[in-house]
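Just need the whole structure built from these sequences, with the hints factored in.
Here is how the chains run, residue by residue.
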Amino acid sequence: MSAISRDTHYGQQAEQLDETLPGHLPQWLLERRRAAARRFVETGFPDPRDEEWKYTNVRPLTTKAFAAAERRDALDAATIAGHAPAGLEPIRLVFEDGHLRPDLSQLDPLPEGVQIHGLNDALREHPDFLQPHVDAVSHERFSPFPTLNTAFMTDGVLIHLARGVTLERPLQLLLYGNDDSEALWCHPRILIVAEEQAAATVLEHYVDAEGARGFTNVVTEIVAQAGARLQHYLLQEHSDTAYHVGNVFVRQHRDSVVTSHNVNMGGRLVRHDLNVDLIEPGAEIHLNGLFLVGGRQHADTHTRVHHSVPHTRSHEEYRGIAQGHGRGVFKGRVLIEEGAQKTDAEQHSANLLLSDKAEIDAKPELEIYADDVKAAHGATVGQLDAEALYYLTSRGIPRETARAMLVHAFAEQVLERMSLEPVREAMRDRLSRRLPGTIEGSIGY
Amino acid sequence: MLKIENLKADIDGKEILKGIDLEVKPGEVHAIMGPNGSGKSTLCQVLGGRDGYEITEGSVTYQQQNLLEMDPEIRAREGLLLGFQYPVEIPGVKNIYLLKEAYNARRKHLGEPEADTFQFLTMVREKMQMMQMDESFLHRAVNSGFSGGEKKRNEILQMLVLEPRLALLDETDSGLDIDALKIVSEGVNHLRSEDRAIVLVTHYQRLLSHIEPDYVHVLTGGRIVKSGDKTLAEELERDGYQAIIEEAA
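Listed in order, the protein sequences are those of chains G and D. Letter by letter, the first sequence follows residues 1 to 445 in my numbering. Letter by letter, the second sequence follows residues 1001 to 1249 in my numbering.
Since the hints were made in silico from the structure, they are not lab data. Note that the coordinates shown come from a computational prediction; the quantities given were computed from them, not determined experimentally. For glycine and all other residues, C-beta sits at the position ideal for the given N, C-alpha and C. Treat the hints with care, since some could be wrong.
[To be verified] Computed from the model, here is a short list of chain D residues facing chain G with C-beta under 8 Å:
1) G1048
2) R1050
3) E1054
4) I1055
5) G1058
6) R1077
7) L1082
8) P1091
9) L1098
10) A1105
11) Q1158
12) G1221
13) V1225
Set out below in structure tokens:
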């Protein structure tokens, strides 16, 4: 990383930060943003010399002059309906180019004890309630992008579940990007706080207008207090020309269970960092992920699970598929600290190359300092099973269809872990549309 | 229906088939018998269209077409189906899914509309009863975790659903206990008809006591050394391959 000079676009953006801040920001956030802008200018964007950024060059981001989008209000209900998984019937918050669209959102009625506020609304109306949750879990140890988000935070949401409350209906956060001739960025901040024994399912869902070229740099902070149960779906279906950096931070207390489903099918350059801290006994995380890259797409996922106390559990199942000139990266780090006895950590990364030009790097990284633990990991990169292909074609099935069937079967190992059937079905459908060869109907599942 | 003339094939530069001649007409059941390593499976795979074999000489004509120029999926859609000696396990692909895709691929090839899902399922269930397979097989992954007998029954189920013109069964009897052998044989006998041919490739005579062949051929060293009627199979069972091979030489 190297410092950003003042005369560059990003240097100026940081310099002019105060002018762009909305008037109602409380003092604590003002100061935090200014400090973040200064730190960002000092460190700059990561480059491939940084170990954590070895496979992903963010140069396409640094050479464009991204700036915040004006409020446009071009999005309509019909477009949203086209992006909603059929049959899901969620409660929903809609963001357009990073700005909340209350008119397109449907929240009520919420059960007692559930609070869902747009971030800017919360800043205006409940700043003291919001304050402890912003930057409560996020950090800049592995990436400067969370800092960039703090400096330029556009809008977002605070989801607060009081003790013992269950939000039955899934909450869909639909973040939509317009096609635009200018380079637009947005920095959403998503805060999910579940108090003791609370439960909810939250979908972070990114979609774009065809040809959108925006840059989304999101920070998601998730806190699961004792016994809380959270399901977090991160569905990234940007246009193939968009940029996305997702920074997810999870902190889990005693006996909490968090399940993360991370599906990446869109975007030109995509990077995800999922950082999980299991800080009390009984905490359990499930990380499921699937990416598909084709054309010139690049998707990089880093997961980091930190077991710091005894009796915690992590289970990871990540799968990647690359076709065309697609490039995928999976790096999974599991850190088991001294004293974190009886840790149960399992990680699998399976990857499928569908063309000679595609590339996937899969790198598990286990660091274990405790002696009484169960830890297993495996990473594979391979091609479609030639025997299985021959068998299917020997039954008359067209070769392209046979390939698609096998790719679906491969992906299904991750998708079947999702408890929301409409989301599973929507993801299968997206996968079909991105593969050559058609599969008709859904009788197979 | 099928005419093989002087067929020679190599694998990795080694000649396995050294000049096979065989003619199969509609309605006939042929049994090709031979010891291990005689070229039985290679013959099946060459006819099925598997990669990795080099045809060095000869021809295979199937319904007036050059079979060797057809891709495996076209052969199947033209009605040539190969029952595998070792059916492939495909985790994540459900049996019903394979059947439906294969069935519709064939129909499309014949210019027929896609099957109605309900009628298709009713038909498949009927055939499954015949093979004594319960409903759960539909939703299990193809051959995944199936016992040897279940895999072979599944091969015959596919035949019953896809109704080939020429069914080529590679060691379908291997790995079967007596009950499974009976079920599989009944399935194959059900396939017998005037316009359909069946070629059974087997090591043992026991399958042939359930499915009576019209012709029996002895394949050894990559050649058919003797042909006859069903009594040839009995002769083989009594005297062993060696005697027949020596006699032919």
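Hint by hint, which ones does the structure fall short of? 3, 4, 5, 12, 13
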